[in-house]
Amino acid sequence: MSTRSQRINGEFESIKHTVDQDQDKRERVIKASRDITALSKRMIFSLHRVYKQPRIEQFNQLSSIRNTQLTQIHKIWVERVAVEFTHSDPIQRSNIRHSFSKFAFAGLEEYIEAISFLEFLESDTLITVDKIQLMLSIDNQPIVPVRPLEYLAGLGDLTGELMRMAIQLLGMADLTLIERIVELITSVKLVLQDNTHHFHTLQQKLKTLENSLKKIEDTRYMYEVRRAEFKDNPEALKRVMEHYQTSSEDSRHISQSN
Amino acid sequence: MSNPTKRLHSDSFKEQLKDLNGFIEKDNEYKQSLKDRVAVMDESLHESTAIAQNIHSIKQSEIPQSIIKPMESGLLQYAKDFHQLCSEIEPTDYTKYEHIWNRSLQTFIYLNLLSNYLSHDDIIDYSTIKLMINNDNHLYDYLFALMQLVSELTRLTVNTVILNEFDRPKRISAFIKDVYQALSQLNFKNDALRRKFDALKYDINKVEGVIYDLTLRNLN
Chain A
515 MSTRSQRING
525 EFESIKHTVD
535 QDQDKRERVI
545 KASRDITALS
555 KRMIFSLHRV
565 YKQPRIEQFN
575 QLSSIRNTQL
585 TQIHKIWVER
595 VAVEFTHSDP
605 IQRSNIRHSF
615 SKFAFAGLEE
625 YIEAISFLEF
635 LESDTLITVD
645 KIQLMLSIDN
655 QPIVPVRPLE
665 YLAGLGDLTG
675 ELMRMAIQLL
685 GMADLTLIER
695 IVELITSVKL
705 VLQDNTHHFH
715 TLQQKLKTLE
725 NSLKKIEDTR
735 YMYEVRRAEF
745 KDNPEALKRV
755 MEHYQTSSED
765 SRHISQSN
Chain B
323 MSNPTKRLHS
333 DSFKEQLKDL
343 NGFIEKDNEY
353 KQSLKDRVAV
363 MDESLHESTA
373 IAQNIHSIKQ
383 SEIPQSIIKP
393 MESGLLQYAK
403 DFHQLCSEIE
413 PTDYTKYEHI
423 WNRSLQTFIY
433 LNLLSNYLSH
443 DDIIDYSTIK
453 LMINNDNHLY
463 DYLFALMQLV
473 SELTRLTVNT
483 VILNEFDRPK
493 RISAFIKDVY
503 QALSQLNFKN
513 DALRRKFDAL
523 KYDINKVEGV
533 IYDLTLRNLN
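From first to last, the protein sequence lines are chains A and B.
For the first sequence, the residue numbers in our numbering are 515 to 772.
For the second sequence, the residue numbers in our numbering are 323 to 542.
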């Protein structure tokens with residue numbers, strides 16, 4: 515072996531060490547991100563079971579979801595993501611965070627969807643970027659940066675959940691809540707439209723959102739027709755609506771499994 | 323829409339998202355300004371890249387004065403511009419924007435590696451590169467540039483034969499093998515770097531083919 519070869523190999527020892535360490539860190543962050551995604555999905559399913567309950571029940575169930583499921587998700591953020599980004603030197607710390615947090619963005623998106631859904635159900639508001647960032651911080655140090663792209667992507671997904679909620683609520687809740695949902699979806703639609711040229715990945719979300727809006731409109735249309743038809747028979751109207759809602763839920767499961 | 327509190331509510335959705343738009347707009351403007359700067363910095367690299375292309379058509383004896391020397395000023399200018407750029411960016415924001423000049427810096431490192439190879443028949447190790455760019459965030463760009471060097475030297479091997487300089491392929495081959503062997507120690511993940519590395523074995527093969535052809539005919 516030539517001396518040049520020996521020298522280069524020696525230098526590569528430490529490079530190998532760095533590359534391996536980076537790889538392991540990346541793997542761990544991806545795994546944590548996957549778990550965050552799964553738990554956030556589960557939380558969204560739980561939230562869908564809440565809004566059909568009586569008001570007082572809703573309050574209890576929401577705070578129970580917050581205390582159990584959300585706490586569990588935060589635990590992963592703190593114990594499995596934040597620890598990967600710790601470093602005594604603040605510049606190094608932010609370097610590591612910026613380079614590796616992208617591997618947690620999938621989980622972050624799903625988390626944003628879940629947390630914004632919870633916030634909407636609890637207080638009828640749209641959660642802000644700042645508030646999410648605050649929730650994902652330790653001592654004012656962000657665990658991962660909450661960037662506009664993931665925020666908007668999360669909101670885009672939220673509109674799909676809101677669409678399901680609106681359809682489920684039709685015929686049982688007062689229409690103001692449904693109108694409120696439509697307002698929120700429309701607002702998100704506008705901001706997505708403004709930004710698809712910056713973030714091309716939002717294009718797909720925007721398309722899905724437009725379909726959701728149409729779906730709500732079609733369902734409301736059908737409801738109004740049936741309501742006029744069965745105006746003397748509220749029981750029949752209720753049955754027709756229930757049938758429609760279960761079948762739309764079925765088709766959702768089918769489309770999910772595909 | 324007769325209820326005033328409700329209207330206030332719905333406005334707040336839109337208002338809130340409008341603020342976000344403003345933030346995105348500002349961030350994009352900043353990114354665009356960085357991109358524009360990198361485009362200007364790249365001009366001195368373009369010049370050096372064009373000069374470097376000449377290695378394929380000139381004799382070894384002319385390399386110092388036709389390649390190495392003329393490349394120097396462009397690379398020095400780039401290094402200066404790059405340090406200036408870095409000094410204007412918040413150190414904690416560096417990794418947030420580095421993707422804007424990643425490619426450009428890869429080319430810069432590659433050209434330095436090439437120039438150093440031509441004059442010293444050796445690599446520049448990463449710790450020296452780190453000092454040169456005053457930055458420890460570009461290990462993977464360094465590795466990418468090294469692979470690019472191997473590919474380029476493969477092409478050079480063929481061209482030295484065209485120039486009838488039959489003694490050069492063997493030396494180039496020895497160098498490429500040293501670098502390839504070092505790179506082989508690394509466990510790459512499945513990404514662009516890995517694909518680039520996987521493609522290198524064809525380069526190594528090709529160089530071996532050249533050596534074989536020459537040996538067979540007693541030309542080296």
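These aren't lab readings, by the way, just hints derived from the structure by calculation.
None of these values were measured; they are calculated from a predicted model.
A virtual CB, placed ideally from N, CA and C, is assigned to each residue, including glycine.
Keep in mind that a hint or two might mislead.
Listed below are the simulated DSS-like cross-link pairs for lysine-lysine, each with C-alpha atoms no more than 25 Å apart in a straight line [unchecked claim]:
1. A:Lys589 / A:Lys555
2. A:Lys729 / A:Lys645
3. B:Lys340 / A:Lys539
4. B:Lys528 / B:Lys452
5. B:Lys402 / A:Lys645
6. B:Lys452 / B:Lys402
7. B:Lys340 / A:Lys721
8. A:Lys703 / B:Lys452
9. B:Lys340 / A:Lys545
10. B:Lys402 / A:Lys616
11. A:Lys645 / A:Lys752
One-sided excerpt, in silico: chain A residues whose CB lies under 8 Å from chain B [to be verified]:
12. Val533
13. Lys703
14. Leu751
15. Val754
A short list of chain A residues far from chain B (calculated; beta carbon distances all over 10 Å) [as the list claims (entries may be wrong)]:
16. Arg518
17. Arg521
18. Asn523
19. Lys530
20. Gln537
21. Arg540
22. Asp549
23. Phe573
24. Ile605
25. Asn609
26. Arg611
27. Ile652
28. Lys729
29. Tyr737
30. Val739
Legend entry - In rising order, the numbers of the hints this structure does not comply with: 2, 3, 4, 5, 8, 9, 10, 11, 13, 14, 15, 16, 17, 18, 19, 20, 21, 24, 25 and 26
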